[in-house]
Amino acid sequence: MKLVNAIVQDKDATKLANAFVKAKIQATRLATSGGFLRSGNTTFIIAIDEERVEEVLQIIKDVSQKRKQFMVPPIGVEGERTGAFPVEIEVGGATVFTQTIDDFYQF
Amino acid sequence: MKLVNAIVQDKDATKLANAFVKAKIQATRLATSGGFLRSGNTTFIIAIDEERVEEVLQIIKDVSQKRKQFMVPPIGVEGERTGAFPVEIEVGGATVFTQTIDDFYQF
Amino acid sequence: MKLVNAIVQDKDATKLANAFVKAKIQATRLATSGGFLRSGNTTFIIAIDEERVEEVLQIIKDVSQKRKQFMVPPIGVEGERTGAFPVEIEVGGATVFTQTIDDFYQF
Ligand code: NI
Ligand code: NI
Ligand code: NI
Chain A
1 MKLVNAIVQD
11 KDATKLANAF
21 VKAKIQATRL
31 ATSGGFLRSG
41 NTTFIIAIDE
51 ERVEEVLQII
61 KDVSQKRKQF
71 MVPPIGVEGE
81 RTGAFPVEIE
91 VGGATVFTQT
101 IDDFYQF
Chain B
1 MKLVNAIVQD
11 KDATKLANAF
21 VKAKIQATRL
31 ATSGGFLRSG
41 NTTFIIAIDE
51 ERVEEVLQII
61 KDVSQKRKQF
71 MVPPIGVEGE
81 RTGAFPVEIE
91 VGGATVFTQT
101 IDDFYQF
Chain C
1 MKLVNAIVQD
11 KDATKLANAF
21 VKAKIQATRL
31 ATSGGFLRSG
41 NTTFIIAIDE
51 ERVEEVLQII
61 KDVSQKRKQF
71 MVPPIGVEGE
81 RTGAFPVEIE
91 VGGATVFTQT
101 IDDFYQF
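Going line by line, the protein sequences match chains A, B and C.
Residue numbers for the first sequence follow our numbering, beginning at 1 and rising by one.
Residue numbers for the second sequence follow our numbering, beginning at 1 and rising by one.
Residue numbers for the third sequence follow our numbering, beginning at 1 and rising by one.
Misleading hints may appear alongside valid ones.
As the list claims (entries may be wrong) - Here are some chain A residues pointing at chain B (derived, C-beta under 8 Å):
| hint | residue |
| --- | --- |
| 1 | Met-1 |
| 2 | Lys-15 |
| 3 | Thr-28 |
| 4 | Leu-30 |
| 5 | Ile-59 |
| 6 | Pro-73 |
| 7 | Asp-103 |
| 8 | Tyr-105 |
| 9 | Gln-106 |
Stated by the list, open to error - Derived SDA-like pairs: lysine to any residue, alpha-carbon spacing no greater than 20 Å straight-line:
| hint | chain 1 | residue 1 | chain 2 | residue 2 |
| --- | --- | --- | --- | --- |
| 10 | B | Lys-61 | A | Thr-95 |
| 11 | C | Lys-2 | B | Ile-101 |
| 12 | B | Lys-66 | B | Ile-101 |
| 13 | C | Lys-2 | C | Ile-48 |
To be verified - Not close to chain B: a few residues of chain A, all C-beta gaps over 10 Å, as computed:
| hint | residue |
| --- | --- |
| 14 | Arg-29 |
| 15 | Ile-45 |
| 16 | Gln-99 |
| 17 | Asp-102 |
These are computed hints drawn from the structure, not numbers from a lab.
Note that the structure is predicted; figures quoted are calculated from it, not measured.
Glycine residues also receive a C-beta, built at the ideal position from the N, C-alpha and C atoms.
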C-alpha cells in the first residue's frame with residue numbers, strides 16, 4: 001500500500017473531499033497552515049493500494065491544480081475603484097507526495 | 001524505528017491517549033476529520049522502536065476496535081418514540097498503518 | 001526527496017515557522033497535542049531534497065532545542081511568595097524524524 005499526502009488550498013478542500021467520497025476513497029483531512037506562499041491550506045492523507053494511486057493523483061489534479069481566475073479588484077483605500085476591469089489571478093495548486101506503507105490494519 | 005499512524009473515532013481518542021500515557025508511549029495527537037463513514041476522528045502518530053510496535057498495535061486494538069453497543073433510539077420527529085427497546089449499533093474501529101523512519105533525533 | 005517531521009513546543013512554533021520562511025523552506029504546520037510530558041505542541045512536515053535535510057535539522061535545533069531559562073516562581077495559593085528568587089527551568093525540545101518520499105508532484 002501507499003500513503004498519498006496532498007496539501008491543497010483551503011478553497012479547494014471541500015470540493016476535493018467530495019470528489020474522494022464520490023470515488024469511494026477514504027481520505028483523512030488534517031487542519032494545516034503555512035508554507036510561505038499559501039497561508040490557508042488543508043492536508044489530506046490517503047492510505048490506498050498501489051493500483052489506485054494514479055486515480056487519486058488524477059482526482060487531486062482535476063480539482064485543485066493551479067489555474068487562472070478572473071477577479072474584480074477591490075475598491076481602493078480612498079473609495080475609488082483601482083480598476084474598472086476584472087484581472088486574471090492564479091488560484092489553487094497542490095503539493096503531493098507518496099510514501100510506502102509497511103503494514104496496514106483495520107481493527 | 002517505525003512510525004505507527006492510527007485513525008480512531010473521536011469517542012475513543014481520550015481513552016486511547018490515556019492508555020498510551022500509562023504505557024509510557026509518546027503519541028502525538030492530530031485533529032483530523034473525514035473518511036466517508038466516520039465524520040469525527042482523531043489521528044495519533046507514534047514514533048517507536050520496532051520491538052514495541054506489537055504493543056502499540058495491541059493497545060489501539062484493545063481500546064478502539066469495532067464493537068457492538070446498545071443504544072436507546074432517539075424520539076421521532078413527531079414526538080412519538082420510534083421504538084421502545086434499545087437497539088444494537090456498531091461503534092469504534094481503527095485504521096492503522098506503519099511506516100519506516102529513516103533517522104530519529106531529539107534536540 | 002525526504003520528509004522531515006518535527007514536533008516542537010507551541011512556544012517555539014512561530015519562531016521556527018519564521019526561520020523556515022527566511023530560509024525559503026516550505027513547511028506545513030499541523031495543530032497537534034499530546035506526548036506525555038508536553039501538552040501543547042506543533043508538528044511541522046517538510047518535503048525537501050536530501051541535500052537540504054541537514055540545513056533543516058540545523059534550523060530546528062537552533063530554534064527549539066532544550067535550554068535552561070530563568071523563571072520567577074508563581075505566588076503560592078495562600079498569597080505568600082514560594083520563593084523570592086528566579087529558578088532555572090528547562091524549556092523547548094524537538095522530536096524529529098525523517099522518512100523517504102517515493103514520488104513528489106506539484107499540480
Ligand atoms: Ni501494497
Ligand atoms: Ni529502528
Ligand atoms: Ni529525492
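Structure-based check of all given hints:
1. Met-1: This hint holds: Met-1 of chain A lies near chain B, its Cβ roughly 7 Å from the closest one there, short of 8 Å.
2. Lys-15: 13 Å, violated
3. Thr-28: 5 Å, holds
4. Leu-30: 5 Å, holds
5. Ile-59: Constraint on Ile-59 of chain A not satisfied, violated at 14 Å.
6. Pro-73: 35 Å, violated
7. Asp-103: 5 Å, holds
8. Tyr-105: 4 Å, holds
9. Gln-106: Check passed: Cβ of Gln-106 of chain A comes within 6 Å of chain B, closer than 8 Å.
10. B:Lys-61 <-> A:Thr-95: This hinted pair is violated, its Cα atoms lying about 33 Å apart.
11. C:Lys-2 <-> B:Ile-101: The hint holds at about 11 Å.
12. B:Lys-66 <-> B:Ile-101: 29 Å, violated
13. C:Lys-2 <-> C:Ile-48: Between Lys-2 of chain C and Ile-48 of chain C the Cα gap is close to 5 Å, so the pair holds against 20 Å.
14. Arg-29: Its Cβ does come within 10 Å of chain B, the nearest being 4 Å, so this is violated.
15. Ile-45: 8 Å, violated
16. Gln-99: 6 Å, violated
17. Asp-102: About 5 Å separates Asp-102 of chain A from the closest Cβ of chain B, which leaves it inside 10 Å; violated.
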